[in-house]
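**Student:** These are the residues of each chain, in order.
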Amino acid sequence: MGILVKSPGPLTTVQDEGRFFHQSSGIRPSGVMDDAAYEAANALVGNGNGEAALEMTFLGATLEFQSAAWIAATGADMRAKLDDAPVERYRAVRVVAGQALAFGMAMNGCRGYLAVHGGIDVPPVMGSRSTDIGASLGGFQGRALKAGDVLPTMKEDGWTPTGLNYEPPVYESAMAVRVIPGPQEEYFTAKGLETFFSAAYEISPNSDRMGLRLEGPEIESRSGTDIVSDGIVFGAVQVPSGGKPIVLMADHQTTGGYAKIGTVISFDLPKLAQARPGDTVRFVRISAEDAQELYKK
Amino acid sequence: MAEMKILPAGDRALVADFGNVISEDVNRKVNALKKTLLAEKVAGVREMIPTYRSLLVEYNPAVISMQELSRRIEATAIKWDGATAETEKKRVLEIPCCYGGKYGEDLAGLAELTGLSEQEIIDIHAGTEYRVYMLGFLPGFVYLGGMDERIAAPRLSSPRVSIPAGSVGIGGGQTGVYPMASPGGWRLIGRTPVQFYDPAAENPVLCEAGDYIRFVPVPPGEYERLKKEGAPWASL
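Protein sequence lines, in the order shown, are assigned to chains W and E. Just so you know, we're using the numbering used here here: the first sequence kicks off at 1 and counts up by one. Just so you know, we're using the numbering used here here: the second sequence kicks off at 1 and counts up by one.
Simulated from the structure, these hints should not be mistaken for lab results. It should be emphasised that the depicted structure is a prediction, and the values quoted were computed from it without experimental measurement. No residue lacks a Cβ here, since even glycine has one placed at the ideal position from N, Cα and C. Every clue listed holds true.
Within a straight-line C-alpha distance of at most 27 Å, the following computed DSS-like cross-link-like pairs (lysine-lysine) qualify: (1) W:K191 - E:K5; (2) E:K89 - E:K41; (3) W:K296 - E:K5; (4) E:K41 - W:K296.
Reference listing, derived: stretches of chain W covered by chain E, where coverage requires no fewer than 3 residues with Cβ under 8 Å from a Cβ of chain E: (5) 13-26; (6) 180-186; (7) 232-245; (8) 258-265; (9) 287-295.
Label-pair ranges, simulated between beta-carbon atoms: (10) W:A190 - E:A43: 38 to 46 Å; (11) W:G104 - E:G19: 48 to 56 Å; (12) W:G224 - E:A75: 33 to 41 Å; (13) E:E202 - W:A97: 37 to 45 Å; (14) E:K41 - W:R282: 35 to 43 Å; (15) E:E3 - W:T160: 54 to 62 Å; (16) W:P152 - E:A39: 35 to 43 Å; (17) E:E3 - W:A190: 18 to 26 Å; (18) E:G19 - W:E220: 17 to 25 Å; (19) W:T189 - E:N60: 29 to 37 Å.
Based on the sequences and whatever the hints tell you, model everything.
**Tutor:** Below is the structure:
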């Protein structure tokens with residue numbers, strides 16, 4: 001009972017919502033980069049409890065199903081094929097035992113998600129099935145998938161799709177994301193803040209699940225950006241001494257010693273999670289109060 | 001006395017910040033705030049990260065609003081009435097450490113650098129009680145405060161590619177223990193058989209912020225025995 005990995009792609013990991021209440025011990029949250037795509041995938045296959053899914057990066061995996069399953073592919077468009085027939089994204093799809101599901105290159109976006117009804121059944125570690133590669137923790141043996149791995153899945157329970165479907169998103173290569181200033185915006189000059197909130201920054205190829213490094217105009221600080229370490233959240237924009245911002249993503253360290261000019265709001269993080277090197281991003285100021293209103297809609 | 005400010009860290013976190021300081025008083029307040037909020041079991045709070053100078057509180061805005069959480073933090077802080085210290089019993093962990101030789105390859109160099117003998121460095125290092133100000137960087141990595149500046153030394157100019165777990169080092173004015181094998185630039189003065197991070201354990205991380213650590217020198221034979229048998233650690 002499971003899914004055999006025929007070829008994994010460069011970085012395919014088991015992820016869920018992330019590992020929480022252990023960051024005070026220095027343990028990173030990990031978890032999916034694009035929670036909108038992940039949540040859609042889970043909802044499509046009737047998962048409601050933060051079940052673990054696969055996150056694939058740039059190039060998808062080829063998988064052989066050892067037992068029948070309901071699946072959904074979301075996020076980046078990786079032109080998935082089930083035994084040579086194209087698989088519609090953002091739909092629940094039936095796979096029968098012995099079929100091969102092959103994902104290709106990401107044509108739009110960069111991270112594809114595959115959810116299976118019942119979830120990928122790896123053992124939870126500290127309350128999460130997310131893979132933390134740096135700490136060799138959780139997921140499938142604490143590492144990225146390799147050819148020959150067999151991912152355990154749950155036994156089918158008779159669930160059938162409810163007819164739910166989503167319009168697949170289109171990821172733009174020039175994007176705008178909203179940022180709440182702070183908590184250390186006072187470390188930057190008015191000119192520095194103006195630069196940050198007006199320039200277009202390019203996603204550097206030197207970006208990963210830990211953070212997106214950005215190329216663009218340097219952000220002027222008052223007198224350096226070293227601070228006494230404080231806590232970090234997914235979406236925090238820190239500015240090291242060189243003045244080039246870094247957006248901290250799912251695999252961020254728990255604490256850091258650089259001033260944070262702002263934090264990308266949670267609604268806009270999926271755009272960054274799908275950003276490819278060379279894409280550009282602009283940061284748009286939003287107040288914490290206005291951002292709260294978005295949750296009421 | 002540092003004033004607490006409550007600042008947004010995005011749309012689903014607040015940070016109760018005491019300013020850009022390292023002080024035991026501030027760190028005690030951060031710790032007390034965390035423990036009190038934890039005991040109050042505030043609905044919608046999904047994570048708290050205490051650091052030297054602040055407590056980051058992550059929440060679910062669909063469950064608790066920023067304004068409400070801010071009020072809860074404020075109310076909790078007011079209860080301390082100024083100089084409230086940590087209420088819990090002080091926990092001191094005795095950490096066996098084998099200094100020098102192959103266990104601490106940089107001890108001889110540090111002696112040369114500081115003008116002290118190896119034994120003097122060991123006496124100073126093991127003669128201090130260190131406060132765990134915070135954890136971060138790696139799972140179980142402790143930021144310790146209180147090291148004697150006579151044994152301070154700059155980090156190595158070229159960091160090692162891999163440092164074994166349990167290595168005890170000095171970097172600048174700080175001392176600490178590598179909880180897992182990692183690259184690093186601290187000068188290694190010894191090694192402990194105690195596991196600061198064990199992902200398979202019920203409590204994967206040995207220490208928490210607010211604990212104290214004292215290093216107890218042990219000879220190589222004792223280190224190897226403890227390593228083999230699984231090192232116990234004493235709580236005073």
